[in-house]
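Participant: Chains as they are written, first to last, in our numbering: chain A, 1 to 241; chain B, 1 to 50; chain C, 1 to 221.
If you are wondering where the hints come from, they were derived from the structure by calculation, not from laboratory data.
Possibly wrong hints are sitting among the right ones.
[Claimed, not checked] Partner residues are not named here, just some residues of chain A that face chain B (Cβ under 10 Å, in silico): (1) D37; (2) R40; (3) H45; (4) L93; (5) T97; (6) L127; (7) L130; (8) H210; (9) E221; (10) E224.
[Claimed, not checked] Label-pair ranges, simulated between beta-carbon atoms: (11) A/W109 / C/L6: 20 to 30 Å; (12) C/V103 / A/T201: 44 to 54 Å; (13) C/R156 / A/G187: 34 to 44 Å; (14) A/W106 / C/V46: 49 to 59 Å; (15) B/K29 / A/W109: 34 to 44 Å; (16) B/A17 / C/V118: 21 to 31 Å; (17) A/R69 / C/K10: 25 to 35 Å; (18) C/R13 / A/W106: 53 to 63 Å; (19) C/F131 / A/W106: 39 to 49 Å; (20) A/P30 / C/R156: 50 to 60 Å; (21) C/V212 / B/K29: 12 to 22 Å.
Bear in mind the structure is a predicted one, so any value in this text is a computation, not a measurement.
Backbone N, C-alpha and C fix where the C-beta goes; we use that ideal spot for every residue, glycine too.
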Amino acid sequence: MTRSRILTTTGVLALVGIAATVWLGLWVTPNAVNFGDLVRLLYIHPPMAWVAFLAYGMAFLSSLGYLWRRTRDPRLDRLAGASAEVGVVFTGLTLITGSIWGRPTWGVWWTWDPLLTTTALLFVLYLGYLALRRVPGDPEVVARRSAIAALIAFVDVPIVYFSVSWWRSLHQAPTVDLSGRHLYVHGSMAWTLLLGFVSFTLAYAWLTAHRYRLAALADREADEGLRQALDERRAEGEVLV
Amino acid sequence: MSGYVEAGYGVVLVSLAGYALSVVSRERKARRRAAGPLLPERAPGQQDEA
Amino acid sequence: MRDAWLVAGKDLRIEFRSRVAVNQVIPFAAAVILLFGLALGPSRQVLAPASAGLFWVAVLLSSVLVTQRSFAVEASDGARDALRLSGLDPAGIFLGKALAVAVELLALEALLTFGVAVLYGARLTGALVLFAACVAATVGLAAVGIVYGAVASGLRVRETLLPLLFLPVAAPVLLGATKAWDEALKGTPSGGLGWLSLLAVFAVLYVAIGTVAFGPLLEES
Numbered sequence: 001m002t003r004s005r006i007l008t009t010t011g012v013l014a015l016v017g018i019a020a021t022v023w024l025g026l027w028v029t030p031n032a033v034n035f036g037d038l039v040r041l042l043y044i045h046p047p048m049a050w051v052a053f054l055a056y057g058m059a060f061l062s063s064l065g066y067l068w069r070r071t072r073d074p075r076l077d078r079l080a081g082a083s084a085e086v087g088v089v090f091t092g093l094t095l096i097t098g099s100i101w102g103r104p105t106w107g108v109w110w111t112w113d114p115l116l117t118t119t120a121l122l123f124v125l126y127l128g129y130l131a132l133r134r135v136p137g138d139p140e141v142v143a144r145r146s147a148i149a150a151l152i153a154f155v156d157v158p159i160v161y162f163s164v165s166w167w168r169s170l171h172q173a174p175t176v177d178l179s180g181r182h183l184y185v186h187g188s189m190a191w192t193l194l195l196g197f198v199s200f201t202l203a204y205a206w207l208t209a210h211r212y213r214l215a216a217l218a219d220r221e222a223d224e225g226l227r228q229a230l231d232e233r234r235a236e237g238e239v240l241v
Numbered sequence: 001m002s003g004y005v006e007a008g009y010g011v012v013l014v015s016l017a018g019y020a021l022s023v024v025s026r027e028r029k030a031r032r033r034a035a036g037p038l039l040p041e042r043a044p045g046q047q048d049e050a
Numbered sequence: 001m002r003d004a005w006l007v008a009g010k011d012l013r014i015e016f017r018s019r020v021a022v023n024q025v026i027p028f029a030a031a032v033i034l035l036f037g038l039a040l041g042p043s044r045q046v047l048a049p050a051s052a053g054l055f056w057v058a059v060l061l062s063s064v065l066v067t068q069r070s071f072a073v074e075a076s077d078g079a080r081d082a083l084r085l086s087g088l089d090p091a092g093i094f095l096g097k098a099l100a101v102a103v104e105l106l107a108l109e110a111l112l113t114f115g116v117a118v119l120y121g122a123r124l125t126g127a128l129v130l131f132a133a134c135v136a137a138t139v140g141l142a143a144v145g146i147v148y149g150a151v152a153s154g155l156r157v158r159e160t161l162l163p164l165l166f167l168p169v170a171a172p173v174l175l176g177a178t179k180a181w182d183e184a185l186k187g188t189p190s191g192g193l194g195w196l197s198l199l200a201v202f203a204v205l206y207v208a209i210g211t212v213a214f215g216p217l218l219e220e221s
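In isolation and in its complexed conformation, chain A is listed as follows:
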């Protein structure tokens, strides 16, 4: 009971936090000197990206825990699946908000920046992972298979990032500063950004927990169905005897 109360509290806090972020971000904070009112996207885009990476990190760690025999537990597998799914949602939003930032700033919806390219590949990689998870089968087999796929996908991320950034640096393309690293964030802007990070992280926790519960319910339902089928077959056999 307390656990679900904590969860509800997290959800409410996330909701209030996001509402406050939107209010502060859209109406209270000032325009930035070099960015105009586009700076307001700063309060949502980096938190999206942060949550996406957090979610994949979580999925990776729980997959690793699942593969290690001593900590093998179906709960870890469910957590990995739940976290990856939420991660994919946030990756999609990272790409969309990044694109919306890019269009007015550089005049293009897309640029082959290392961060962007890595994020896009990450999106596809984890869509594959989720597709693999959805293939039915013996739960333990599915879990082990998915854990290995998650491992491979996660190891690929730094290699992709490194190779793409190297590729770009050799091309001598006009460099664009993606995240506005030269932007001087101060006062109400800094607080809004911080609030954005905190409340979207809370939203991640809430979403993952609910997705996890859904997976647990589905697993239990599958178990019940199997047990029922077994009982019926057994009853049939006994009638024949």
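Keeping the supplied structure of chain A fixed, place chains B and C upon it in accordance with the hints.
Facilitator: Chains B and C alone, transformed into the frame defined by chain A:
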């Protein structure tokens, strides 16, 4: 405001809300199925007697 | 290690006798490079500079086929179970299957190189870098392919799932191998050395992961 900013906020809020609602409603449905009579009515221990 | 040679020998013997690789995979790769030629137009000024990238995309697509073939061989007559019960070391099975796929891909790459030189008018310079890139990239591709092939094998949706899982992971190989070839074909092979080391890191990493992860994958289903 330029419209880009509103579009960004709109996309984020709408998709997160949509995803949250879908997860919660699927969870509720699963819970109802789990609580309802999944197994046909059968006296406890019936299969042991037979 | 002896197990690896056994499995590789078995797979290669099957390929040699069944000639699926010769009759289907090589013509497929040839069709791919022909289609690239049609898509980009007949101009050699366009085709020759792009030949490295087109070559590696063709290799990547073919490696999906070769990997699928490598597990289709195990699917019939319960060969998969026989392999699992044979008492061979799972790491050995992995290395053997990866080695067989790598050998087949290398043979395919040799033919494709010839095709690219003829059709796209690419001038083959820096042969050493070209060859080293082929070896490093192929080992990496074979390792990833075999792990994902094992992940997807036995699933009804494996034909569609394997490319989706495999191709995004292979993106750094495509990038590294293409750039290494680019440098070599431009006549500045030393510029490709950095990319070679990237390919080598990828290959070593995924061979290591496969060696460790293949045991748990095989004991399933």
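Participant: Each hint needs a verdict: does it hold in this structure or not?
Facilitator: For each hint, the structure was consulted:
| no. | hint | result |
| --- | --- | --- |
| 1 | D37 | holds (5 Å) |
| 2 | R40 | holds (5 Å) |
| 3 | H45 | holds (7 Å) |
| 4 | L93 | holds (5 Å) |
| 5 | T97 | holds (5 Å) |
| 6 | L127 | violated (15 Å) |
| 7 | L130 | violated (13 Å) |
| 8 | H210 | holds (5 Å) |
| 9 | E221 | holds (6 Å) |
| 10 | E224 | holds (6 Å) |
| 11 | A/W109 / C/L6: 20 to 30 Å | violated (53 Å) |
| 12 | C/V103 / A/T201: 44 to 54 Å | holds (49 Å) |
| 13 | C/R156 / A/G187: 34 to 44 Å | violated (58 Å) |
| 14 | A/W106 / C/V46: 49 to 59 Å | violated (27 Å) |
| 15 | B/K29 / A/W109: 34 to 44 Å | holds (38 Å) |
| 16 | B/A17 / C/V118: 21 to 31 Å | violated (58 Å) |
| 17 | A/R69 / C/K10: 25 to 35 Å | holds (30 Å) |
| 18 | C/R13 / A/W106: 53 to 63 Å | holds (56 Å) |
| 19 | C/F131 / A/W106: 39 to 49 Å | holds (40 Å) |
| 20 | A/P30 / C/R156: 50 to 60 Å | holds (57 Å) |
| 21 | C/V212 / B/K29: 12 to 22 Å | violated (40 Å) |
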